[in-house]
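Trainee: Sequence:
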Amino acid sequence: VQADQIMDTILKQKCPLSAVYTGGLGSSPDNDGKNKYVSYDTALGFNPGMATCTSCQQQVMTNVTYKAGRYAWLMCLLFVCLGLVLCCCLIPFFMNKFKDAYHTCPRCNRVLHIEKRKCCK
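Counting from 1, one number per residue, gives the positions in the sequence shown under my numbering.
Simulated from the structure, these hints should not be mistaken for laboratory data.
There could be a bad hint or two in this list.
Simulated crosslink set (SDA-like; lysine to any residue; CA at most 20 Å straight-line) [claimed, not checked]: (1) 99 <-> 76; (2) 118 <-> 77; (3) 116 <-> 70; (4) 118 <-> 74; (5) 118 <-> 94; (6) 118 <-> 96; (7) 97 <-> 69; (8) 67 <-> 100; (9) 118 <-> 43.
Estimated spans, in silico, between C-beta atoms of each pair [what the hints assert, rightly or not]: (10) 46 <-> 107: 20 to 26 Å; (11) 120 <-> 82: 17 to 23 Å; (12) 87 <-> 43: 32 to 38 Å; (13) 85 <-> 43: 36 to 42 Å; (14) 118 <-> 80: 18 to 24 Å; (15) 56 <-> 84: 41 to 47 Å.
Values in this document were obtained by computation on a predicted structure and should not be read as measured data.
No residue lacks a Cβ here, since even glycine has one placed at the ideal position from N, Cα and C.
Please take these sequences and the hints and turn them into a complete structure.
Mentor: Pasting the structure below:
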């Protein structure tokens, strides 16, 4: 109970180095029904970072894979509207600058965090 109170306090403060709930993306619910949290030593962005995996309980440097998300599709549509239809509209699907970053544990391959690209910051 005390750990849940600490996590709620951290999340309410909107600290950039806070822990994040990771109950989705193929993870099975715990037998005790508690949420799982991943602790970050630094804020995970679009590059690999140190994190503690909740599945294998190890501090690891995350593996990052990039997948096309909403931002890549919006940029593709924008390029089509600007008249860049001769394969130029496919640029967002080949450049990581337009894709979402999926941080995974190198030991157990669990998705720890997803950093999504945003149109406006």
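Trainee: Hint by hint, say whether it matches the structure.
Mentor: Hints and how they fare:
1. 99 <-> 76: Between residue 99 and residue 76 the Cα gap is close to 12 Å, so the pair holds against 20 Å.
2. 118 <-> 77: Cα-Cα ~15 Å, so holds.
3. 116 <-> 70: holds (9 Å)
4. 118 <-> 74: Given that 20 Å is the threshold and the Cα spacing comes to 10 Å, the pair holds.
5. 118 <-> 94: Holds, at about 17 Å.
6. 118 <-> 96: With Cα atoms ~13 Å apart, residue 118 and residue 96 stay inside 20 Å; holds.
7. 97 <-> 69: Given that 20 Å is the threshold and the Cα spacing comes to 11 Å, the pair holds.
8. 67 <-> 100: Judged against 20 Å, a Cα distance of about 5 Å means the pair holds.
9. 118 <-> 43: It holds: about 17 Å lies between the C-alpha atoms, which stays within 20 Å.
10. 46 <-> 107: 20 to 26 Å: holds (22 Å)
11. 120 <-> 82: 17 to 23 Å: holds (19 Å)
12. 87 <-> 43: 32 to 38 Å: holds (36 Å)
13. 85 <-> 43: 36 to 42 Å: The hint (36 to 42 Å, Cβ to Cβ) holds, given that residue 85 and residue 43 are roughly 38 Å apart.
14. 118 <-> 80: 18 to 24 Å: holds (21 Å)
15. 56 <-> 84: 41 to 47 Å: holds (45 Å)
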